[in-house]
Structure formats: C-alpha cells, structure tokens
Amino acid sequence: MSEKQAAVEEHTHRSLSDLLNKLSKEDLVKLLLEINEDNRLFGLQVKLRFSDGQDDVSLCRELIRTCFDAAGIYNFEIGADIEDAVTKVEIVLEKADVRRDEGNTELAMKIGLMVYQETYPLLQEVYNPEELEGFVDKTLKLIDTIAQEIANGKNEKLKKKVADDLMRTVNDFSDRGYDHDLNLPLMEVISHFGSDPAVRKKLEDKIHSELEDSGDFHFINENYKLFQLKLLERFGEPEKLKKFVYDNLNLMPLRKKAIDQAIKQEDFAEAERLCIEGEEEAKKWPVPRKEWKALRYHIHKIAGNQQGQRKAAMELIIEGDFDYYQPLKKLTAPDDWNKTKASIIRKMEEAPEVQEAYISLLIEENETGKLSSYFESRLDDVTKLYPSLLPHYKDEVKNLFATSIQASSSSAGSRNKYKSIGETIRMFGSVCGIKEAESLIGQLEEKYKHRSAFKEELKKVRKNLRKNSI
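For the sequence shown, the numbering used here begins at 1 and goes up steadily by one.
Derived from the structure by calculation, the hints contain no laboratory data. Certain hints may be false.
[Claimed, not checked] Result set (DSSO-like, lysine-lysine): computed pairs, CA atoms no more than 27 Å apart in a straight line:
| # | residue 1 | residue 2 |
| --- | --- | --- |
| 1 | K88 | K157 |
| 2 | K138 | K110 |
| 3 | K138 | K160 |
| 4 | K398 | K311 |
| 5 | K283 | K256 |
| 6 | K467 | K455 |
| 7 | K311 | K225 |
| 8 | K290 | K240 |
| 9 | K449 | K398 |
| 10 | K264 | K242 |
| 11 | K311 | K370 |
| 12 | K154 | K230 |
| 13 | K460 | K447 |
| 14 | K201 | K225 |
| 15 | K347 | K384 |
| 16 | K242 | K225 |
| 17 | K206 | K264 |
| 18 | K417 | K370 |
| 19 | K110 | K159 |
| 20 | K370 | K394 |
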C-alpha cells in the first residue's frame, strides 16, 4: 500500500469514526437495524459479540448455518467456498474461549459441542473436506481441553452432565448412520470422565456396540480395540488388562503389547513365542514379516542370547535389511564368517528383490568377481546401479558404462534410441570424466560412420560435454 493510499484509508476511517461519534444512541440503533435488514450475517455477529451468554448457543448455531448455507456447503456444491465460510465462523470458537476464560466451562462446552455437531458430519459429505478439517480439529481440541478442566474440577454434577451430553452426541451420530470412526474422537474426550464406573460402563457398552456394527472393517475394529486398551491401562485391573491383550493377539499393536509385558517380566521364551506366532499370523495378511524378525532380534539381544541374535540377523539380511550386517559379523566367530557369508550370498542370489542389500554386501566383502558378474548381466540397469559401486570400483563402472553403451548402439536404429544413448553418454561423462566419454564417442563415430542420424546425435553430445566442462 502506497503512502497516499494509506493516508486516504486513514482519513476514511477517521471520518467514519467522527461521524458515528456524533450520532445519538437512537440513531446508532436505527443504523444497526437498517444494516441488519440488508446483512443478516452482520446482525448475527453483532448480537454474538455483545451477547450476555443466554443466547450464545443459538446465535452460534444460526451464524454457522447462515455462513455455510450462503457458501453452498449444504448443497455439497463443487465450488463451495468452504475456506471463506470457515473464516467467518471462527468467531464462535472465540466466543467459547471467552466463556471458558470467564470460568463458565459449562457454557463453553455447550458452544463447542454444538459446533462439533454442526460441522463434523459434513466431513464425509463436502467436496473438499480438507478445507473444513482444520476448523473441526480446532473445535475438537477445544472440547477436549474444556472436558479435561471439568474432569479435574470438583463439580461432580457438571462432570456427569457433560459426560452424558457427549455420550448423547455419540449415540446420535450412530442413530443417524454416520461412519463408525466418527464416534471415536468424542469417546476419547468422554474417557476423561472414566474414573466414574458408570461412565466407563457406557463407554465399554458403546465400544461393544460399535465393534458389532462395524463387521469386518479391520481398521475400525483395531482403532476401537486400541481405545479399549487405553481405558484398561488407565482404569482397569492388571489381570483384566492382560486377559484383554491375550484375547486380541490377532492385532499387531496388542501382540506387541504382550511382548513388551513379557520382556518386562524377563519371560524371554514367551516373548519369542509371541514373535514367532506373529510371523506366522503375518503370512495371512499383506504385511511385512521383517518387523517380527527385528523384534525377535531385539528380544535375544536383551536376553543375551547371541545364537538367537545371529539367527534373526541372518534372516533379516537375507530379506534385504543390510543394517544387520555389521552386528551379525561381530556376533560370528572369524573362523565361521566365510561359511556364513557364502550361505547369505547364495540365498540372496535367489532373491532379486533384495539386490540393493546384495550389492552392499558384495562391496563390503570385496567380492569383485561376483560384482562384475552381477552388473554384466544387468547392463541395461547401469545408470541406476552405478552409485552402488562408487567410489571403490570406478574402473569397473567405466567398463560397465562403455559395454552398455556399445551394446545399445549395435542394436539402435531410431532417433529415439540414439537420443537415449546420448543421455547415457552424458551421464558416463559426468561419472567417469569428459575424456573417457569423448574417447567412446570417437569409437562410435568411426564404427557407425554410415548412420548419419546417430553421428548427428553424438556431435550434439560432444558439444554439450565440452560446454559443461568450461
């Protein structure tokens, strides 16, 4: 904004301020009423700003609905201006914060819960839910903060009322057929009042109901089971907690919980059993089993079982986790290492999906012959694989690039192929040097002197290499 524009704006504001100050109270009221007739939102904002609290909830609800309706949110329009509507309704959360600061946590909770009821269900309806998510998350955090303050207070009657109001909302969401996972955030808020056995009973009953209704939705079931675990950890008895964990070992987080408990009790045999069982269970699902092997390695390390560590580490390396190479080598007697290494290499050669770890092992063990054989059989992949060989095998990389480029050139017969070879030569030059690349270009120009299109591409590559070397 220029100085002139700023001066004009300041003068306008000052003039308006002066004008309003000159008006009588009656004229000001009349002016506001006239504006309200033309701008409903303005009237609601004024009412809410100067509300004494009695109409806070109804005013906030009306303001939200007015803004959302005007933005086209309720019609689920593709072009609904959600961001603008959310900006306009921020005042309702500000009002809840004001009431909270005044010590009226009951009214603050009523406002926050009403806002949540009005907005959260829309997340599964609107075209761009991410534009509304931030506001809903902010509302939930406010509700959670207020709930904790009430739960930590001494007003038992208010605690019961708030817990009941929250549970009523949860049940209402269920009755209206909303997704099962919509209930969980509010149920977690209710758990702040879980020291009351009656509240815990209602939560447990609701969890049971949600699990029954959700059927085979594994993700939803797991989330509710984990919430149930939190309740038991916070309020339950140790034996009841242990039984719950063992009854739900089909869920990975709960099996890990059981393993942690066994480790703490130094029952390493039980911890290993649970790990092995978890590996077998993982075969039924499209999830990696390496995590269980890594956990088994961890158990043996804590228990001081070097033989178990070696076995788990070897399995992990064979499956492509090179992080266990050094630990395994340290755990293996020097006289036994060559035999162990040979076994690992043999098994990795049969598993092409672990090539990165395989190459790393060959480099660490200086297996030059196997490295050369490996790369020679994959000349087409040299541009992707060469970083694995540098900087220790620069000569080998140079030979592989040259061999790959020469092999591609012999079968190339189109401009697209020539351009692809040109790109590989440029990479060869950046990796092994301009001199080596130019020497290879000279050989190709001599060998394929009757391929004018190829020679033209090689000329471009040479020019580009020299330009970049300046």
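Evaluation of the provided hints:
no.: 1; hint: K88 / K157; verdict: violated (35 Å)
no.: 2; hint: K138 / K110; verdict: holds (15 Å)
no.: 3; hint: K138 / K160; verdict: holds (24 Å)
no.: 4; hint: K398 / K311; verdict: violated (38 Å)
no.: 5; hint: K283 / K256; verdict: holds (17 Å)
no.: 6; hint: K467 / K455; verdict: holds (18 Å)
no.: 7; hint: K311 / K225; verdict: violated (33 Å)
no.: 8; hint: K290 / K240; verdict: violated (31 Å)
no.: 9; hint: K449 / K398; verdict: holds (24 Å)
no.: 10; hint: K264 / K242; verdict: holds (13 Å)
no.: 11; hint: K311 / K370; verdict: holds (25 Å)
no.: 12; hint: K154 / K230; verdict: holds (24 Å)
no.: 13; hint: K460 / K447; verdict: holds (17 Å)
no.: 14; hint: K201 / K225; verdict: holds (15 Å)
no.: 15; hint: K347 / K384; verdict: holds (23 Å)
no.: 16; hint: K242 / K225; verdict: holds (14 Å)
no.: 17; hint: K206 / K264; verdict: violated (32 Å)
no.: 18; hint: K417 / K370; verdict: violated (30 Å)
no.: 19; hint: K110 / K159; verdict: holds (13 Å)
no.: 20; hint: K370 / K394; verdict: holds (16 Å)
Hint check: violations occur at hints 1, 4, 7, 8, 17 and 18; the rest are consistent with the structure.
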